[in-house]
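Visitor: Sequence:
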Amino acid sequence: MDSIFEQINSLLASVFFFDIFFGMAEGTTMPFIVAWLVVGGVFLTFRFGFINIRMFSHAFKIITGQYRTADDVGEITPFQSLTTALSATVGLGNIAGVAIAIAVGGPGATFWMILAGFFGMTLKFTEVTLAQIYREKRPDGRLMGGAMQYLSKGLASKGHAKLGKVLAVIFAVLAIGGSLGAGNAFQTSQAMGVLVDRVPFFAAVGGMIGVLVQGFKRAAFSSEAGIGSAAIVHSTASVKYPVRQGMVALYEPFIDTIVICTMTALVIVTTGVYDPSGAFGDLVAAKQGAALTAAAYGTVISWFPVILSFSIILFAFSTMISWSYYGERSWTYLFGEKYTLVYKLIFISFTVMASVTSASAMLEFSDLLILTMALPNIIGLYILQGDVKANLNAYMAKWKNGELDAEAIRK
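Using our numbering, read the sequence shown as starting at 247 and increasing by one per residue.
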């Protein structure tokens, strides 16, 4: 089984993870897809005037229901969509991934994770706003949205129907693969690893750019900013204005990466367990992330590793539930509603396969599939960012003249 995943990993890595420096920066590599996420996040943050700072407090009021209106349309509340999306992101990446990033790149990786989370907030705002703009109601009355919808419908509205269709299909295929890999197999592999002392590892890189790569890669895998996955569930949120749900989504990378990942990083750094010459050097050398985090907590509270092991299983389970939904929606987009049982059977089979596959192969497979989703998604964000800007400007005008407060239903 390992050999099959290794062949798939090698193929994907050669296409999407090639070094943009082409080996000219000795000892350091910058994968194309990581640079793609970095540039996209920085561009959109400046394009929308640092929306992640300007509207942060306003977004909190939306989450707490202070801007509900009688015209809100959707299936779930903004808060419910936020927590559902967080259930897919807050998990093993926050436990094992952070520890490995620090073990590989040193404490400096923490800074890059925080920075990635900061710019990731705007990526998430953009994709969720677009998901709300281009969502549609299915014949059964349920809402259907996400990157598949705004790539196909949005690009068609700009005169790029063929490109939009191709990108939407590519995204849906990758999302299905991501649900089977990161959303299922990786979670199963990690949960099994808690029981049999087998946890994932990452390849070591050197230099400042190497540390940056580790930080951004872990942040992207953890928060899924720029990936487009969370837009699927956010598209069903009940809001009147699309940008309103986009603002709610600002809190995803903030909570997942800037808060939770940073908390884990502080535990790893302050306890010093990442030091290869220290008492836990064997765990560092073996790149055992979950065990390293458990050891860090164990230096302060001896029985905490038991709690952490139980938490890992729960995190894995919640992530699998959310990602099964993402995968099912993508499968429905490609093949229709009546074939969803086929997807469910495939999803279950991957759970079994992951339990007998090495964590290293599964981790790389998960990374590749998840991060590659950013390619078609960010192309769409670039082309459609004008729609987001127009909606944002209209919303800001209403906010400044008091219209939003006037129409809100106060508790």
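FYI, nobody ran anything at the bench for these hints, they're computed from the structure.
The structure presented is a predicted model; accordingly, all values stated were derived computationally and were not measured.
By construction, the Cβ of each residue, glycine as well, lies at the ideal position given by its N, Cα and C atoms.
Please note that a few of the clues may not be correct.
Said to hold, decoys possible - Lysine-lysine pairs mimicking DSSO-like chemistry, simulated, CA-CA at most 30 angstroms apart:
#1 K404 <-> K486
#2 K399 <-> K590
#3 K635 <-> K383
#4 K486 <-> K590
#5 K590 <-> K404
#6 K411 <-> K486
#7 K646 <-> K486
#8 K635 <-> K307
#9 K307 <-> K644
#10 K635 <-> K646
#11 K644 <-> K399
Unchecked claim - Listed next, with one range per pair, are the computed distances between beta-carbon atoms:
#12 P353 <-> V285: 22 to 28 angstroms
#13 K383 <-> I553: 39 to 45 angstroms
#14 K644 <-> T516: 44 to 50 angstroms
#15 A636 <-> F556: 45 to 51 angstroms
#16 T545 <-> G311: 51 to 57 angstroms
#17 V285 <-> V546: 37 to 43 angstroms
#18 K411 <-> L512: 44 to 50 angstroms
#19 I559 <-> M509: 18 to 24 angstroms
Visitor: Determine for every hint whether it applies to the structure shown.
Guide: These are the hints, each one checked on the structure:
1. In summary, the hint linking K404 to K486 is supported, as the alpha carbons are separated by about 24 angstroms, within the 30 angstroms threshold.
2. With a C-alpha separation of about 27 angstroms, the suggested pairing of K399 with K590 holds against the 30 angstroms cut-off.
3. Straight-line distance between C-alpha atoms of K635 and K383 comes to about 24 angstroms, which keeps the hinted pair within the 30 angstroms bound.
4. Proposed proximity of K486 and K590 is contradicted: the alpha carbons are some 33 angstroms apart, above 30 angstroms.
5. Distance hint between K590 and K404 is unfulfilled; the C-alpha atoms sit about 35 angstroms from each other, more than 30 angstroms.
6. About 27 angstroms separates the Cα atoms of K411 and K486, which keeps this hinted pair within 30 angstroms; it holds.
7. Only pairs whose Cα atoms come within 30 angstroms are accepted, and K646 paired with K486 is accepted, the gap being roughly 17 angstroms.
8. For the suggested pair K635 and K307, the alpha carbons sit about 21 angstroms apart, so the restraint of at most 30 angstroms is met.
9. Restraint check for K307 and K644: satisfied, since their Cα atoms lie roughly 16 angstroms apart, inside the 30 angstroms limit.
10. A hinted pair counts as satisfied when its Cα atoms are at most 30 angstroms apart, and K635 with K646 qualifies at roughly 16 angstroms.
11. Only pairs whose Cα atoms come within 30 angstroms are accepted, and K644 paired with K399 is accepted, the gap being roughly 27 angstroms.
12. At roughly 25 angstroms, the beta-carbon separation of P353 and V285 lies within the given 22 to 28 angstroms, and the hint holds.
13. Checking the proposed 39 to 45 angstroms range against K383 and I553 shows it holds: the Cβ atoms sit about 44 angstroms from each other.
14. At about 46 angstroms, the beta-carbon gap between K644 and T516 stays in the expected band of 44 to 50 angstroms.
15. Distance hint check for A636 and F556: the Cβ-Cβ separation is about 48 angstroms, which falls inside the suggested range of 45 to 51 angstroms.
16. The given range of 51 to 57 angstroms is broken by T545 and G311, whose C-beta atoms sit roughly 42 angstroms from each other.
17. Against the hinted window of 37 to 43 angstroms, the Cβ-Cβ separation of V285 and V546 comes to about 40 angstroms, which satisfies the hint.
18. Restraint check, K411 to L512: a C-beta distance of roughly 46 angstroms satisfies the suggested window 44 to 50 angstroms.
19. Look at I559 against M509: about 20 angstroms separates their beta carbons, and that is inside 18 to 24 angstroms.
Checked against the numbered hints given earlier, this structure breaks hints 4, 5 and 16; the rest are met.
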